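Please take these sequences and the hints and turn them into a complete structure.
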Amino acid sequence: MRTLLRNGRILDPSQDLDMVGNVLLEDAQIIELGPETSGDADRVIDCSGLWIAPGLVDMHTHLREPGQEHRETIRSGTMAGAAGGYTNLCCMPNTSPPLDNPALVDFILDRAASPDSGGIFVAPVGALTVGQEGEQLSDMAALKRAGVVAVSDEGNPIQNARVMMRAMETCLQIDLPIMAHCEEKSLSEGGCINEGTMSALLGLPGIPRTAEEIAVMRNGLLSLNTGCRLHVMRVSTWGTIEIIGRLKDLGAPVTCDVCPHHFILTEEEIGEFNPHFKTSPPLRTQVDLDIVMQGLAGGVIDAIASDHSPYASHEVSVPIEEAPFGGAALETTLGATLTYLTHPGVLSPLQTFRKLSTTPTEILRLDAGTLRPAATAVAQIVLVDPNVEWSFDPQRTFSRGKNSPFAGAEFRGKVVMTMCGVEVYRDPLFDESRFATPVA
Amino acid sequence: MSRHLLAIRQLEPTEIRELLNLARDFKKRVVAGQDTTVKTRRAIGLLLFENSTRTRVSFEQAASYLGHRTVNFSGAGSSMRKGETLKDTILTLRFERLEALVMRHPAAGAAALAAKDFGSPVINAGDGQHEHPTQALGDALTIMERKGGLDGLVVAIVGDVNHSRVARSNAWLLTKMGAEVRFVGPRTLMPSNPAKLPGSVYYDLRTGVADADVIMCLRLQRERMDDGLLTSVGEYRRQYQVTRSVLRSANQDVLVMHPGPLNRGVEIDDSTADGANSAIADQVSNGIFVRMAALHWVFEEAKVAAGGKA
Chain A
1 MRTLLRNGRI
11 LDPSQDLDMV
21 GNVLLEDAQI
31 IELGPETSGD
41 ADRVIDCSGL
51 WIAPGLVDMH
61 THLREPGQEH
71 RETIRSGTMA
81 GAAGGYTNLC
91 CMPNTSPPLD
101 NPALVDFILD
111 RAASPDSGGI
121 FVAPVGALTV
131 GQEGEQLSDM
141 AALKRAGVVA
151 VSDEGNPIQN
161 ARVMMRAMET
171 CLQIDLPIMA
181 HCEEKSLSEG
191 GCINEGTMSA
201 LLGLPGIPRT
211 AEEIAVMRNG
221 LLSLNTGCRL
231 HVMRVSTWGT
241 IEIIGRLKDL
251 GAPVTCDVCP
261 HHFILTEEEI
271 GEFNPHFKTS
281 PPLRTQVDLD
291 IVMQGLAGGV
301 IDAIASDHSP
311 YASHEVSVPI
321 EEAPFGGAAL
331 ETTLGATLTY
341 LTHPGVLSPL
351 QTFRKLSTTP
361 TEILRLDAGT
371 LRPAATAVAQ
381 IVLVDPNVEW
391 SFDPQRTFSR
401 GKNSPFAGAE
411 FRGKVVMTMC
421 GVEVYRDPLF
431 DESRFATPVA
Chain B
1 MSRHLLAIRQ
11 LEPTEIRELL
21 NLARDFKKRV
31 VAGQDTTVKT
41 RRAIGLLLFE
51 NSTRTRVSFE
61 QAASYLGHRT
71 VNFSGAGSSM
81 RKGETLKDTI
91 LTLRFERLEA
101 LVMRHPAAGA
111 AALAAKDFGS
121 PVINAGDGQH
131 EHPTQALGDA
141 LTIMERKGGL
151 DGLVVAIVGD
161 VNHSRVARSN
171 AWLLTKMGAE
181 VRFVGPRTLM
191 PSNPAKLPGS
201 VYYDLRTGVA
211 DADVIMCLRL
221 QRERMDDGLL
231 TSVGEYRRQY
241 QVTRSVLRSA
251 NQDVLVMHPG
261 PLNRGVEIDD
271 STADGANSAI
281 ADQVSNGIFV
291 RMAALHWVFE
301 EAKVAAGGKA
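Protein sequence lines correspond, in order, to chains A and B. The numbers in our numbering rise by one with no breaks, and the one at position 36 of the first sequence is 36. The numbers in our numbering rise by one with no breaks, and the one at position 264 of the second sequence is 264.
In short, the hints are calculated from the structure, not lab data. All values derive from a computational prediction rather than experimental measurement. Everything hinted at is true.
Simulated pairs of lysine-lysine, DSBU-like, Cα-Cα distance not exceeding 35 angstroms:
# : chain 1 : residue 1 : chain 2 : residue 2
1 : B       : K196      : A       : K402
2 : B       : K116      : B       : K39
3 : A       : K185      : B       : K196
4 : A       : K402      : B       : K116
5 : B       : K176      : B       : K116
Okay, structure coming up:
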């Protein structure tokens, strides 16, 4: 079975390729790409006007299984991922129980590979400490053998610097990156939104920006001194970006990502206590957004992650102080990125897919992020209509989480098809007339 | 759409004036012993998730003067202790045919959330550190009675501004009505970014109350010391206690106020609390009349929405 993706704009950052051409697949594999392809195909998809890019890789997803299936399951999460253009999801370890032993890693990988799941890859991130309690290091070597691609204590970051240093030494030894949510809890504890004008106005307990920056600085210095690869997740303040830029200049093996809400939304969105805009770290100010944009364009920010954090609706129908942090995001991240970064020219299309696919692949050493023939186990491709305008309706998503700061948001650019070996998602708006079966 | 009283920040000056006029009118009639009951008697739910005897009694009195019935719910024995969400509690009360809800809750925005689901008027009786609109209205009525008006007055709000819903509601109301508001207190008890709050910030008590017409003391929660926000109560007392000697920096006929309950000897000394400048007792009394006004006002809008036939 041969499939020809014909006449699309091929964007492959792994080869610095930006050209109009064809991609030829045989069974589940890319076998050829270029301006002209040879050989017959059993099926031809007309990709004119569409972008053909490597399937997206999300560095920060919560699949909630095991233990929190009312929020999401591996099945619903991977289906949402496929609909968002993702072929790889790195799922965070704050499940219940936390992902701190190999048996749970096996469970997740088995579930993800099951025929009724979304048909995309899941790359688990293991817990850095037992129970994510910040004290005793988990058996990270065993976790790595079981298949984790990184370790993290996620939203419950290690507060003790000595424990963090030991974790880094261990991770250096076994060559595993640490993904760190950077937060000094003694400053942020009890906080709800950014400490600033809105917290003053609404009488909500604030989270100071320094809570993030101090932790970034501490972890960055530990990374510089140990040599351990550190990936700082979801940066949100201008200070953090300055610090990471400086750490990189010093030669620290530090990378970082940002999530769409931190380059699009400010604390003002909270309005009259809307819990859908409660994120961790909190939404900051326009100044932060401006510097985040510079960080994306200038390269200090390496990747764009979704921070997909689904919750059941009853969990967010509460006063904002009691609401959980985060929103479902797998199906909005590409649209948000294209609308706010790519179309306005902050990032070129090639840079966009570098941050959404190729760089995350490199940081986590995954088998993804490229259209190079036969370079990955199966072809991972996303077809994007860059210009279609659409509005996000959380009620019509695959995710069980309907909580999103982008409910009703207007976007320009959308996934129309995701292939992970086979076609795993096709948008209902995709024009069927684009398919053709050549007459023999 | 029901009319709610959720936050002074959301009110227009004309609405504030309307509420204060109503309160004045109710006070006159109550004091004269005239009938204040309304034609349409309502069932009012008092849903208090924090203990507050004075607010509950004040609303009960107000409702009773109007001829309404009140139904009490306290947070302690509520179904929420059994795991029910606030939303479900509100929906239950709606279907129990309550026609208005007076609500106090430890989380900011809780009353606004309740208003979305309740379907009838909701009056915020204090939500976390956000607002306490009827307290501010009662305070304003008290000031107007003693000073003749609000426009042009200098009001110093002294103490724990950051954690105070009373400070926020008062600041909005007073500035909307033309007064100048000063927040006075230690840095640790000020919002970190007060620029959006309508008032200027003073860290020194005597400078802050210089030429003030009104000094509003805020209640100091003793647990602030455990949070490390205060070095000692003694030090707070030395720097921020409102005493007769402090009053000398203000205008001679300065009005001293306190939302209660008082920590005598901490934020205010005994003689000042009970002295000639004190309006603390009037604040409590006037609380009833502004709550009558609030209960009347929220139903007025319902009447308009129903075509004036109610």
